[in-house]
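Q: Which chain is which? The protein sequence lines are G and B, in order. Residue 658 is where the first sequence ends in my numbering, and the numbering goes up by one at each step. Residue 658 is where the second sequence ends in my numbering, and the numbering goes up by one at each step.
A few of these clues could be false.
One copy or two, either will do: identical chains are not told apart, so a pair holds if it fits within one copy or between any two.
What the hints assert, rightly or not - The calculated lysine to aspartate or glutamate pairs, modelled on EDC-like cross-linking and capped at a C-alpha distance of 16 Å, are:
id, residue 1, residue 2
1, Lys-528, Glu-554
2, Lys-631, Glu-536
3, Lys-599, Glu-512
4, Lys-525, Glu-554
5, Lys-528, Glu-484
6, Lys-619, Glu-578
7, Lys-619, Glu-501
8, Lys-599, Asp-516
9, Lys-604, Glu-616
Quick caveat, the hints were computed from the structure, so don't treat them as lab data.
There are 2 protein chains.
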Amino acid sequence: METYPITIGGVTRHVPLIEPLPGRRIPLVEFLGDPELVRAAAKALKPFVPPGTEVLFTTETSPIPLAHVLAEELGLPYVVARRRRRPYMEDPIIQEVQTLTLGVGEVLWLDRRFAEKLLNQKVVLLSDVVSSGETMKAMERMVVRAGGKVVGRLAAFRQGGNPSLDVVTVAELPVL
Amino acid sequence: METYPITIGGVTRHVPLIEPLPGRRIPLVEFLGDPELVRAAAKALKPFVPPGTEVLFTTETSPIPLAHVLAEELGLPYVVARRRRRPYMEDPIIQEVQTLTLGVGEVLWLDRRFAEKLLNQKVVLLSDVVSSGETMKAMERMVVRAGGKVVGRLAAFRQGGNPSLDVVTVAELPVL
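Produce the entire structure from the sequences given, and follow the hints as far as they go.
A: Below is the structure:
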């Protein structure tokens, strides 16, 4: 299997190259299962969390360990938008994501009990990898609908050539 | 909203009561978003991880922060079985879960690249809540199919009256 070296916060991993579309290969970063890589990424991102931030907001599933470790480092709570409706949800906020890359629309779900944790709060959006920025846009809409205020947009990795995205990142992933 | 007090590792939360089946109310523990509760649960579970354990194995989504923090405390990696097929998966191990509680079968997915991390390893199964034990049984089958050896079964909470389950837990959840 062909691999590619990626580095963040001084930690390097040789990750597999996957081909989500014909002729478009990308390194597959995996934070799940790798405490050392997550800790390094969280420490690299920590200085970019604006002072006064009150809660982090992320999505299921791969960014969860990063959000958790960064939140604990900052002494803040975090909220996770789910990608499936859970049976216990009541009056959830439902937000479609325009995922042009995959050609399919994904949907984010946020139970009202968790949406209330964003109300009148200064919120930082957090992803593991930002590419088109569409997931980040959907997250921002959810925060606004929940009555919160977005004060920062962070991702560990920026993938591909979209330097105009208003997202702070600390490492780059190529599209090969 | 009615709540119920749950305590683990000296940390108490007043969590909502949900009614998954008519007349059967249970406290809804949420580790996602709560670094203090996760840290307390991980510290409570740590002494019960058998010496010689090489990797933890858990499932998406709610147990992920607990697995991550416990793995980091132990200096071990962990592997996460997914609940949806991901586009990048190759030759995954697919395992059905008999979830009698909900009356619907769930399926666990484990990409071959991650299954390889269980091969010839001493594996501890980890959940947040164990109830019927069916998810734990499915996880055990996956480890065996991946060529690993289960050396321990841990969960933060035991829910309802099934003391015969061969799972170590550090707190109890009632069925009201």
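Q: All hints are to be evaluated individually against the structure, with a verdict given for each.
A: Here is what the structure says about each hint:
In this assembly of identical chains, Lys-528 and Glu-554 lie within 16 Å of each other by CA distance solely inside one copy; the values are 11 Å within and 19 Å between copies. Proximity of Lys-631 and Glu-536 under a CA criterion of 16 Å is satisfied intra-copy only: 10 Å inside one chain copy versus 43 Å between copies. Taking identical chains as interchangeable, the C-alpha atoms of Lys-599 and Glu-512 lie at most 16 Å apart only when they sit on different chains, with a minimum of 14 Å there against 28 Å within one chain. Proximity of Lys-525 to Glu-554 under the C-alpha cut-off of 16 Å is found in both arrangements, the shortest distances being 11 Å within a copy and 15 Å between copies.
In the homo-oligomer, the alpha carbons of Lys-528 and Glu-484 never lie at most 16 Å apart, since the shortest distance is 32 Å inside one protomer and 37 Å across protomers. Taking CA atoms no more than 16 Å apart as the test, Lys-619 paired with Glu-578 passes inside one copy only; the shortest distance there is 10 Å, against 35 Å between copies. Within a single copy, Lys-619 and Glu-501 get their C-alpha atoms no closer than 25 Å, and across copies no closer than 34 Å, so neither meets the 16 Å cut-off. Taking the closest pair of Cα atoms, Lys-599 and Asp-516 come within 16 Å of each other only across two copies (12 Å); inside a single copy the shortest separation is 28 Å, beyond that limit.
When the C-alpha separation of Lys-604 and Glu-616 is checked against a cutoff of 16 Å, the pair qualifies neither within a copy, at 21 Å, nor between copies, at 41 Å.
This entry does not satisfy hints 5, 7 and 9, going by the numbered hints stated previously.
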